[in-house]
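K.L.:
Based on the hints, put chain B in the right spot on chain A.
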Amino acid sequence: MTEMEPREADIDSLLRRSMAAPIPSLPPDFDQRLLREVRRTGPLLDRYRQILIAGYGLTSVVASAVVMRGQGLDWGAIAVMILGPLVLVATVSWSLRATHRKMRHSAD
Amino acid sequence: MESDSQLVARAQSGDQQAFAELVRHYSSLVFRLAVSILGREFIPEAEDVTQEVFFKVYHAIESFRGEAEFSSWIYRITFNQAVNLKARVRFREPHMDEVVLYRMVSPEPGPQRQAETAQREQALAECIQTLPEVYQSALRLYYWLGTGIGEVAALLGVPENTAKSYLHRARQLLHGLLKEKGYSCD
Chain A
1 MTEMEPREAD IDSLLRRSMA APIPSLPPDF DQRLLREVRR TGPLLDRYRQ
51 ILIAGYGLTS VVASAVVMRG QGLDWGAIAV MILGPLVLVA TVSWSLRATH
101 RKMRHSAD
Chain B
1001 MESDSQLVAR AQSGDQQAFA ELVRHYSSLV FRLAVSILGR EFIPEAEDVT
1051 QEVFFKVYHA IESFRGEAEF SSWIYRITFN QAVNLKARVR FREPHMDEVV
1101 LYRMVSPEPG PQRQAETAQR EQALAECIQT LPEVYQSALR LYYWLGTGIG
1151 EVAALLGVPE NTAKSYLHRA RQLLHGLLKE KGYSCD
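In the order they appear, the protein sequences are chains A and B.
Just so you know, we're using the numbering used here here: the first sequence kicks off at 1 and counts up by one.
Just so you know, we're using the numbering used here here: the second sequence kicks off at 1001 and counts up by one.
With the rest of the complex left out, here is chain B:
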């Protein structure tokens, strides 16, 4: 198994096979990071971001000097690309409403209970949208996509303790925001 730096060096000298290997290794991770930034309403856009990122990497790989890890470099490109796209698609109609997706996996017994749960989850989704991008991304990676803290940290390009504090701070903020809206968390 070749290291990233070996593959990058080969890709820089025009080896298509090495670039293909980098795509195979990073496409799912790049997609996961893009999805965590864009949210579940914009999954096709996350796929577009993944494609764009690899186009950028392909064209810029010669200028990559290895001062940082290749993974940090590609994740930084992904983060910027996804945040830019999010700013453009923010006001567009989502492909699927978040609450519809929640209901697909969490059916509740009675209609009243179901309505209450849906309202609270709608409020929670709205509160999440108001958090800073890195907090939103950390939350989606951890709670939705089941990513471990170590990998959350790697994808966001921060130390593990910083990723933990992002989640801690996000939970505190959400607790306060939900309380302001009149919802309890239990």
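Just chain A, with the same shape it has in the complex:
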């Protein structure tokens, strides 16, 4: 630390005295318990979540395409109507991330 002025040295020694307390630590078996828990829930839940989302997305796309085709729309229009919103969502989320990153850099 650099040289302190006297009043700062006073508060420094007060802080040293008053903040002296036992230092807490994690229980010795913390890492083991954590890893057990992560292994138990992690990949299985992730897999289920991914399968569920993919299944939902696929079913929605097929159902929408069938309904629109039933209304007499051609495949080009159906593709635009399904892929258009997806592209829009991806673009918005990408630009939000980019803006957030830029703001964080300028804050640093």
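Hints should not be assumed to be uniformly reliable.
As the list claims (entries may be wrong) - Among the chain A residues that face chain B by a calculated CB cut under 10 Å, a handful are:
id: 1; residue: Arg-7
id: 2; residue: Asp-12
id: 3; residue: Leu-14
id: 4; residue: Leu-15
id: 5; residue: Arg-16
id: 6; residue: Met-19
id: 7; residue: Ala-21
id: 8; residue: Pro-22
id: 9; residue: Leu-26
id: 10; residue: Pro-27
id: 11; residue: Leu-35
id: 12; residue: Glu-37
id: 13; residue: Thr-41
id: 14; residue: Asp-74
id: 15; residue: Ile-78
Since the hints were derived computationally from the structure, they do not count as laboratory data.
Just so we're clear, the structure is a prediction, and the values are computed from it rather than from any experiment.
Glycine is no exception: its CB is placed at the ideal position from the N, C-alpha and C atoms.
P.N.:
For chain B alone, kept in the frame of chain A given last:
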């Protein structure tokens, strides 16, 4: 000894052993940062934060692109997680009062002197609570947990000079706040 980036790359490809290694390396540091934000009244909550952080890391590690250091990433997650939890537990009864903890380690000779010291320390604890989160965290890391300036800087994700200026500014503010309350620092 493997570097963080090597361990992260292995963990991203599903290697549980590599993730375990990251847990072993970072659990105490993450806990220390969480404790420094939450304060000594909420140590069990700091343990919960540590657990939550590793759950988050485990689920998000595939999306970690290595643009920043892994350590900066995990400390940022910890800081946000602990600050969010602190906002929720702020009005809850603490597990142990800070002044009780002070007395456990700093017994004073006479009852009057003891009462004065306790009052001043209570006032100091209250003043610390009013400081910005990063100042509070820097103070607890440095004065309570005995963390060196370099490590304080790493845990808070700032350069060493910034960590030093956090402590300098915190001391100045505390001096003024204690004076306002009618306490001297010597």
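K.L.:
Each hint: holds or not?
P.N.:
Tested hints:
1. Arg-7: Constraint on A/Arg-7 satisfied, holds at 6 Å.
2. Asp-12: Cβ of A/Asp-12 sits 6 Å from chain B, so the hint holds.
3. Leu-14: Hint on A/Leu-14: holds, closest Cβ of chain B at ~5 Å, below 10 Å.
4. Leu-15: Given a least distance of 5 Å, the restraint on A/Leu-15 holds.
5. Arg-16: 6 Å, holds
6. Met-19: Where the cut-off is 10 Å and the nearest Cβ of chain B is about 4 Å from A/Met-19, the hint holds.
7. Ala-21: 5 Å, holds
8. Pro-22: 7 Å, holds
9. Leu-26: Check passed: Cβ of A/Leu-26 comes within 5 Å of chain B, closer than 10 Å.
10. Pro-27: At 8 Å from the nearest chain B Cβ, A/Pro-27 passes the 10 Å test, so the hint holds.
11. Leu-35: Nearest chain B Cβ about 5 Å off; hint holds.
12. Glu-37: A/Glu-37 check passes; min Cβ-Cβ to chain B is 8 Å, inside 10 Å.
13. Thr-41: Given a least distance of 8 Å, the restraint on A/Thr-41 holds.
14. Asp-74: 38 Å, violated
15. Ile-78: With a minimum Cβ separation of about 32 Å from chain B (threshold 10 Å), the hint on A/Ile-78 is violated.
Hint check: violations occur at hints 14, 15; the rest are consistent with the structure.
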